[in-house]
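Colleague: Model the full assembly from the supplied sequences, consistent with the hints where possible.
Top to bottom, those sequences are chains A and B. Counting the first sequence from 1 gives a position; our numbering is that position plus 49. Counting the second sequence from 1 gives a position; our numbering is that position plus 40.
Calculated from the structure, these hints are not laboratory results. One should not assume that every hint holds.
The list that follows gives simulated cross-link-like pairs (lysine to aspartate or glutamate, EDC-like), each with its CA atoms no further than 20 Å apart [what the hints assert, rightly or not]: (1) A:Lys143 <-> A:Glu121; (2) B:Lys110 <-> A:Glu146; (3) A:Lys129 <-> B:Asp43; (4) B:Lys176 <-> A:Glu110; (5) B:Lys110 <-> A:Glu123; (6) A:Lys88 <-> B:Glu78; (7) A:Lys129 <-> B:Glu70; (8) B:Lys117 <-> A:Glu110; (9) B:Lys82 <-> A:Glu123; (10) B:Lys109 <-> B:Glu70; (11) A:Lys116 <-> B:Glu112; (12) A:Lys88 <-> A:Glu77; (13) A:Lys94 <-> A:Glu77; (14) A:Lys127 <-> B:Glu45; (15) A:Lys127 <-> B:Glu112; (16) B:Lys82 <-> B:Asp43; (17) B:Lys109 <-> A:Glu110; (18) A:Lys116 <-> B:Glu45; (19) B:Lys109 <-> A:Glu66; (20) B:Lys61 <-> A:Glu110; (21) A:Lys138 <-> A:Glu66.
Calculated Cβ distances over 12 Å to all of chain A for the following chain B residues [unchecked claim]: (22) Val64; (23) Leu73; (24) Gly84; (25) Arg97; (26) Ile98; (27) Tyr143; (28) Glu145; (29) Ala167.
Backbone N, C-alpha and C define an ideal beta-carbon position, used for all residues, glycine too.
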Amino acid sequence: MYGASMIRKELVAASAEPLILSLLSNGESYGYAIIQEVKARSGGKLQWTDGMLYPVLHRMENRGLIKSRWGESETGRKRKYYSLKRDGKTAMAKHHEQWSLVHSVLAGLQKEQFV
Amino acid sequence: MFDLEKAIADWRQQMLTAGIKTPVPLEELENHLREEIERQVKSGLTEQPALEISVRRIGQPEMLHREFKKSERTFMKRTLIILAGVFGVLVGMALLMPAAHLYKEQGMVHNAVVGFGWGIPIVLLGASTTFYGFNKRKA
Numbered sequence: 050m051y052g053a054s055m056i057r058k059e060l061v062a063a064s065a066e067p068l069i070l071s072l073l074s075n076g077e078s079y080g081y082a083i084i085q086e087v088k089a090r091s092g093g094k095l096q097w098t099d100g101m102l103y104p105v106l107h108r109m110e111n112r113g114l115i116k117s118r119w120g121e122s123e124t125g126r127k128r129k130y131y132s133l134k135r136d137g138k139t140a141m142a143k144h145h146e147q148w149s150l151v152h153s154v155l156a157g158l159q160k161e162q163f164v
Numbered sequence: 041m042f043d044l045e046k047a048i049a050d051w052r053q054q055m056l057t058a059g060i061k062t063p064v065p066l067e068e069l070e071n072h073l074r075e076e077i078e079r080q081v082k083s084g085l086t087e088q089p090a091l092e093i094s095v096r097r098i099g100q101p102e103m104l105h106r107e108f109k110k111s112e113r114t115f116m117k118r119t120l121i122i123l124a125g126v127f128g129v130l131v132g133m134a135l136l137m138p139a140a141h142l143y144k145e146q147g148m149v150h151n152a153v154v155g156f157g158w159g160i161p162i163v164l165l166g167a168s169t170t171f172y173g174f175n176k177r178k179a
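Modeller: This is the structure we're talking about:
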């Protein structure tokens with residue numbers, strides 16, 4: 050996860066799970082696509098160490114937040130697809146709540162600084 | 041001539057040596073590696089630099105192994121908690137059932153009291169441990 054990005058590694062680590070859950074809420078996906086999408090959406094600023102995504106995915110699967118199945122890519126290569134479970138949806142909602150809270154406090158403080 | 045398949049096989053060996061297991065997660069990591077190599081080659085690189093970049097992006101085998109071990113350990117701990125809870129429930133039931141039978145036949149005699157006295161709390165403890173284990177699973 051902790052690539053040579055400008056974002057602090059603690060923040061990268063903390064945001065991994067909510068990002069993965071939110072991406073999977075749009076539908077089933079697989080590791081490589083998840084990493085590419087995060088990179089694209091962050092304009093290249095969120096660059097995870099590719100391999101480190103997989104222990105995170107496995108942990109989330111062990112905790113019952115997501116499930117996986119082996120499928121095939123367009124070229125016939127085996128590929129593991131992940132999808133959100135109900136507990137994952139609940140966890141995602143909780144993450145959204147908490148991130149919104151932190152964001153609103155920070156934004157409020159920021160506004161005060163310019164008064 | 042650069043042999044891509046041999047280079048990937050060498051990479052696999054490094055992963056296995058570091059303790060990364062197969063098929064899970066090594067197959068997933070290898071698929072990822074191959075997709076990244078493909079992308080690099082499509083964007084203009086030749087196979088050798090594409091492989092080198094992709095291997096670097098996947099990460100150090102030892103670091104990955106450490107991370108995978110961490111999630112394995114936690115999973116095992118929580119599974120053990122659930123099993124301990126279930127065991128507790130079974131032990132408690134083993135005490136409760138003869139006690140209940142005795143109570144039906146002879147009323148609240150000493151052995152029945154002992155059976156209930158131990159059985160009920162053990163079943164409750166076992167049940168709450170199991171419940172705790174399931175909840176902790178999500179943490």
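Colleague: State the violated hints by number, sorted upward, taking the hints as numbered earlier in the document.
Modeller: 1, 2, 3, 5, 13, 15, 18, 22, 23, 25, 26
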